[in-house]
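Line by line, the protein sequences give chains A and B.
Going left to right, the first sequence walks through residues 1 to 290 as our numbering numbers them.
Going left to right, the second sequence walks through residues 1 to 449 as our numbering numbers them.
None of these hints come from the bench; they were simulated from the model.
Beta carbons are placed, not taken as given, at the ideal position from N, Cα and C, and that holds for glycine.
There could be a bad hint or two in this list.
Straight-line distance between alpha carbons at most 20 Å, and here's what the computed EDC-like set of lysine to aspartate or glutamate pairs gives [said to hold, decoys possible]: (1) B:Lys174 / A:Glu190; (2) B:Lys270 / A:Glu247; (3) A:Lys98 / B:Glu288; (4) B:Lys272 / B:Glu288; (5) A:Lys174 / B:Asp301; (6) A:Lys254 / B:Glu178; (7) A:Lys181 / B:Glu155; (8) A:Lys174 / B:Glu160; (9) A:Lys177 / B:Glu157; (10) A:Lys98 / B:Glu160; (11) B:Lys272 / A:Glu186; (12) A:Lys177 / B:Asp244; (13) A:Lys165 / B:Glu178; (14) B:Lys272 / A:Glu247; (15) A:Lys98 / B:Glu155; (16) A:Lys98 / B:Glu178; (17) A:Lys95 / B:Glu178; (18) B:Lys174 / A:Glu186; (19) A:Lys95 / B:Glu160; (20) B:Lys270 / A:Glu190; (21) A:Lys177 / B:Glu288; (22) A:Lys174 / B:Glu312; (23) B:Lys272 / A:Glu2; (24) A:Lys181 / B:Glu178; (25) A:Lys254 / B:Glu312; (26) A:Lys181 / B:Glu157; (27) B:Lys270 / A:Glu186; (28) A:Lys174 / B:Asp244; (29) A:Lys165 / B:Glu155; (30) A:Lys181 / B:Glu312; (31) A:Lys177 / B:Glu312; (32) A:Lys194 / B:Glu178; (33) A:Lys165 / B:Asp301; (34) A:Lys177 / B:Glu160.
Label-pair ranges, simulated between beta-carbon atoms [what the hints assert, rightly or not]: (35) A:Phe249 / B:His239: 23 to 33 Å; (36) B:Leu292 / A:Pro227: 31 to 41 Å; (37) A:Ile268 / B:Ala252: 45 to 55 Å.
Far from chain A, some chain B residues (derived; all Cβ distances over 12 Å) [unchecked claim]: (38) Ser9; (39) Pro273; (40) Val295.
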Amino acid sequence: MEKLTIVLFWLALISGIASSLAYIGNFVAKAERRVHTYTAVGSALGAFALLLAVIFIRANTLGVAKTAGPFTIRIIFAAFIIGVFLLVESIYAGKSSKVKAFGMVVMPVAVLLQFLAWHSYGVTEELSEQLNSYWVGIHVTFAVLAYASMTVALAIAIAYLLQEKQLRAMRGKKPGKIFRKLPSLEISDELCHKSIAFSFAFLTLVVATGVIRAEMLPEWSQWFMDPKILMAITTWLIYGGYLIVRESFGWQGKRANMFAVVGFAVGIITYLIGNTGIIPSIHSYGGGLG
Amino acid sequence: MHIILIGLSHKTAPVEIRETVTFPEQILSDALHMLTGYPSINEAVILSTCNRMEIYAVANDLDKGKDEVIQFISDYHNIVRSKLERYLYFREGKNAILHLFRVAGSLDSMVLGEAQIQGQVKNAYDAAFEAEATSTIMNRLFRHALLAGKRVRTETEIGESAVSVSYAAVELAKKVFENLAGRTCMLIGAGEMIELTATHLVANGVTKVIVTNRTYERAESLADKYKGTAVKFSDFIDHMVHADIVISSTGAPHYVVTKDHVAKVMHKRKNKPIFFIDIAVPRDIDPEVANLYNVFAYDIDDLDAVVQTNLEERKKAAQIAEKIVEVEVANFSSWLSSLEVSPTIAMLRREAEEIRLKELEKHLRKLPNLSDAEINILNALTSAIINKILHKPIVKLKESANRKDGYLYVESLKYLFDIQDESGQDEEETAESSQLSAVSHQLSARIKN
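When you get a sec, could you build the whole thing from the sequences and use the hints?
What follows is the structure in structure tokens.
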């Protein structure tokens, strides 16, 4: 069975690459080709399904305890990014076909994650007492979902900022690919808003389940002093801030999208703390688990 | 059989001439009947738009066909031939095909890449098809031309971007707002240019129009046109809070909309994006407003810059389009030439084989004592003779298929061997046999002439 999962994994990786290339091809090409569109969406769907298959087969044959580790987390992450993106694309297909331009960023990120996953293939985390809990399972699932929506939001926010820059410098800069191929500001802004609303909801659950679990562990009684946990709460606050300033101050548009970029950056720092050894944290598990 | 084109367009004829030789839809069927009634004209399609009038025809004879088409135009519109001929251009064969494909791909249009021409070509063909003025060749030619036109539109960016100032405004607005449906637009001024832009916006979905003008009556009459509301020039800033798109074109010598105005409006709008187009010279809207948050402001030069880049893009796209058209013309031409030769060869072979079998049977009856082996030898012998005799003409015929006058050999061959078309077919002819009979009808018609 292990052989099968490895074959499926590589097939997923190849589909991911094919999809990335097709999305990029559609962006670069003079005009949209139907072949590109079908390849892009089809391969993305394929990669998503294959990754899910790998995850389930591994969990089924090896058992959840044995599969817990950076490999699994990263492919779950990759699968979720693709899933979130495909969901967004299908919902918005009727409104703006240009939404698929985001695939150009999202799919390569998913491919990168799969490479990182392969890099840590075989590294498993001993499920210590700390991790052996329902709460941890829920906590990790929500964290991956939150990060996946954050990544999609980042891609959209960058697209927004690029498009706005182009629109503000119409005379100086010739309208190019960005102008033609990226969605309108309205759509980007709306999509970024929705993605962030999602990731905020998941982040809330991540923080809540994390705190509940921490309270259960006597050795974690000082959890509120830990840099990683504090940063995670900061990320949550930034995304919450985005939602508030957008609604109450009318900060839709550029400022909101910059919030999304900053939020993602803080999110990445949060992830790196405890995983790289530069800043120590009690929330530190083998091979970049969380 | 020749494909010919005779026509005039914005490139060769002034509007005074173009408007006298149009064929509007209601007379098209009648005109086509008259045209195909001429002895040399087998099939015809009349393409008549405001920028061109072109007649595509399949003629038995090149010179006669050309002459008859010109005669038809001059008769139908009562124009002296010598006056008409100055403006006409004439193409035949591959050049006529190329011309049509370029027209359908909007490569011959006044505005490169304009979208209307495809529909016009389609309508012209449909009208001719319904009037039964087309047959095998024109059907295939026009369907192929429409296909080529479609390829040009989908595979290049020739028609993607705006090439007029007022349309560029719509294109820009659509980069800020995904959809103009349900948006409110404010017009400051009531001039011609503003009306043109407003018409584009309304056509793209803008539902509410607010008009203001120094003379209130002008504002009212323009507002009526779009079922909008007119507001007094003294307090239009108060109404601007409702507008997503503001177009300004007044004769004012100074700014009518200042940064302070817009800052106030944006505050009331809670920073909802707003889009300004200033088409006045001197400008009406302080360019400084573009620095305000979520304010997008453009003047006439910005729009012109967009139009210029788009025109360049279209020219680049047109180069790719020309290649697509070339490929499609080659495809069509090879179909056209094979059309005549291959069925003729098949018919020739069939005829020869029939003769051979008949003769073989007849003579075998006189030789009842032959063994199977001997019969086989006789069979092979007769086959070999027939094949050897037919081999060279068939090879030569195939060679001539790609030549311009290839059909002449086909015609001679049919005449010499007296190859008849299969007649008495059912009404439901297959596509292939109808092609066959169409060609041979034309050929036999030619022989009679």
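Hint by hint, here is what the structure shows:
| no. | hint | in the structure |
| --- | --- | --- |
| 1 | B:Lys174 / A:Glu190 | 15 Å, holds |
| 2 | B:Lys270 / A:Glu247 | 9 Å, holds |
| 3 | A:Lys98 / B:Glu288 | 31 Å, violated |
| 4 | B:Lys272 / B:Glu288 | 18 Å, holds |
| 5 | A:Lys174 / B:Asp301 | 13 Å, holds |
| 6 | A:Lys254 / B:Glu178 | 16 Å, holds |
| 7 | A:Lys181 / B:Glu155 | 15 Å, holds |
| 8 | A:Lys174 / B:Glu160 | 15 Å, holds |
| 9 | A:Lys177 / B:Glu157 | 12 Å, holds |
| 10 | A:Lys98 / B:Glu160 | 14 Å, holds |
| 11 | B:Lys272 / A:Glu186 | 10 Å, holds |
| 12 | A:Lys177 / B:Asp244 | 26 Å, violated |
| 13 | A:Lys165 / B:Glu178 | 17 Å, holds |
| 14 | B:Lys272 / A:Glu247 | 11 Å, holds |
| 15 | A:Lys98 / B:Glu155 | 17 Å, holds |
| 16 | A:Lys98 / B:Glu178 | 10 Å, holds |
| 17 | A:Lys95 / B:Glu178 | 8 Å, holds |
| 18 | B:Lys174 / A:Glu186 | 9 Å, holds |
| 19 | A:Lys95 / B:Glu160 | 18 Å, holds |
| 20 | B:Lys270 / A:Glu190 | 16 Å, holds |
| 21 | A:Lys177 / B:Glu288 | 27 Å, violated |
| 22 | A:Lys174 / B:Glu312 | 11 Å, holds |
| 23 | B:Lys272 / A:Glu2 | 55 Å, violated |
| 24 | A:Lys181 / B:Glu178 | 13 Å, holds |
| 25 | A:Lys254 / B:Glu312 | 31 Å, violated |
| 26 | A:Lys181 / B:Glu157 | 12 Å, holds |
| 27 | B:Lys270 / A:Glu186 | 15 Å, holds |
| 28 | A:Lys174 / B:Asp244 | 25 Å, violated |
| 29 | A:Lys165 / B:Glu155 | 28 Å, violated |
| 30 | A:Lys181 / B:Glu312 | 18 Å, holds |
| 31 | A:Lys177 / B:Glu312 | 14 Å, holds |
| 32 | A:Lys194 / B:Glu178 | 16 Å, holds |
| 33 | A:Lys165 / B:Asp301 | 18 Å, holds |
| 34 | A:Lys177 / B:Glu160 | 12 Å, holds |
| 35 | A:Phe249 / B:His239: 23 to 33 Å | 24 Å, holds |
| 36 | B:Leu292 / A:Pro227: 31 to 41 Å | 40 Å, holds |
| 37 | A:Ile268 / B:Ala252: 45 to 55 Å | 52 Å, holds |
| 38 | Ser9 | 27 Å, holds |
| 39 | Pro273 | 6 Å, violated |
| 40 | Val295 | 10 Å, violated |
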